[in-house]
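Asks: Kindly generate the complete structure, drawing on both the sequences and the hints.
In the working numbering, the protein residues as written are 899 to 1060.
Think of the hints as simulated: they come from the structure by calculation, not from any bench. Just so we're clear, the structure is a prediction, and the values are computed from it rather than from any experiment. Any given hint might turn out to be false.
[What the hints assert, rightly or not] Here are the computed lysine to any residue pairs in the SDA-like style, where the Cα-Cα straight-line distance is at most 25 Å:
{"no.": "1", "residue 1": "986", "residue 2": "1038"}
{"no.": "2", "residue 1": "986", "residue 2": "1014"}
{"no.": "3", "residue 1": "986", "residue 2": "975"}
{"no.": "4", "residue 1": "1046", "residue 2": "941"}
{"no.": "5", "residue 1": "986", "residue 2": "1018"}
{"no.": "6", "residue 1": "986", "residue 2": "1026"}
{"no.": "7", "residue 1": "1046", "residue 2": "1015"}
{"no.": "8", "residue 1": "986", "residue 2": "1022"}
{"no.": "9", "residue 1": "1046", "residue 2": "1014"}
{"no.": "10", "residue 1": "986", "residue 2": "1056"}
{"no.": "11", "residue 1": "1046", "residue 2": "983"}
{"no.": "12", "residue 1": "1046", "residue 2": "1022"}
{"no.": "13", "residue 1": "986", "residue 2": "1015"}
{"no.": "14", "residue 1": "1046", "residue 2": "979"}
{"no.": "15", "residue 1": "986", "residue 2": "1053"}
{"no.": "16", "residue 1": "986", "residue 2": "953"}
{"no.": "17", "residue 1": "986", "residue 2": "998"}
[What the hints assert, rightly or not] Distance windows between CB atoms, simulated:
{"no.": "18", "residue 1": "1016", "residue 2": "954", "range": "12 to 22 Å"}
{"no.": "19", "residue 1": "992", "residue 2": "1016", "range": "15 to 25 Å"}
{"no.": "20", "residue 1": "979", "residue 2": "1042", "range": "28 to 38 Å"}
{"no.": "21", "residue 1": "1060", "residue 2": "979", "range": "21 to 31 Å"}
{"no.": "22", "residue 1": "983", "residue 2": "1052", "range": "28 to 38 Å"}
{"no.": "23", "residue 1": "1005", "residue 2": "1030", "range": "33 to 43 Å"}
Positions of the beta carbon are idealized from the N, C-alpha and C atoms, including for glycine.
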Amino acid sequence: MSRTLTSGIIWVALILTISQIGFGEEENRSKGKGIGIGVEATSPFVSPNAFPASGFSVRLWIVDFVGLELDAFLIENSPSFSSRAFLKLLNTEIVDIYLGSGLSFFIHPENGKTLLFTPLQFLAGLEIRLTQNIALNGELGLFGHSGKPQGVTSGIGIHFYF
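Replies: Written out as structure tokens, the structure reads:
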């Protein structure tokens, strides 16, 4: 009994000690970092049931809580482009949580015809600043086109901010 109690006290002390390391006054790593370049991978990837916010990406945080993103990619050898807007709900030293919406444009060859799809996306995202200049992001959302919901979309990305 006393051995279990001693082990429990040691574990609690260890956890409390580790939790205090590095949690002094942190600077906001996303503050003042306006433009970033990187890559995004957003699923589903297969057209026409795709939201192609994948590929090379440029993010611009106009102010600390409003951002824009442009993406370019090839889907089935056809060019695709996406534009998205973000609104940060939580802006901490390392982690930012945001909501966003976007519109994509891609051409899908089907039965000898070329069709233009413009899916719409709504998402929630999380951006984690690993350093002052490097950030990882993950997103989950819904997308649809032609006025009909199509499904769930998710994605990950990495950006280098200047």
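Asks: It remains to establish, for every hint, whether it holds in the given structure.
Replies: Hint-by-hint comparison with the structure:
no.	hint	verdict
1	986 with 1038	holds (15 Å)
2	986 with 1014	violated (31 Å)
3	986 with 975	violated (34 Å)
4	1046 with 941	holds (18 Å)
5	986 with 1018	holds (19 Å)
6	986 with 1026	holds (13 Å)
7	1046 with 1015	holds (12 Å)
8	986 with 1022	holds (10 Å)
9	1046 with 1014	holds (16 Å)
10	986 with 1056	holds (17 Å)
11	1046 with 983	holds (21 Å)
12	1046 with 1022	holds (20 Å)
13	986 with 1015	violated (28 Å)
14	1046 with 979	holds (20 Å)
15	986 with 1053	holds (17 Å)
16	986 with 953	holds (23 Å)
17	986 with 998	holds (9 Å)
18	1016 with 954: 12 to 22 Å	holds (20 Å)
19	992 with 1016: 15 to 25 Å	violated (35 Å)
20	979 with 1042: 28 to 38 Å	violated (18 Å)
21	1060 with 979: 21 to 31 Å	holds (22 Å)
22	983 with 1052: 28 to 38 Å	violated (19 Å)
23	1005 with 1030: 33 to 43 Å	holds (39 Å)
This entry does not satisfy hints 2, 3, 13, 19, 20 and 22, going by the numbered hints stated previously.
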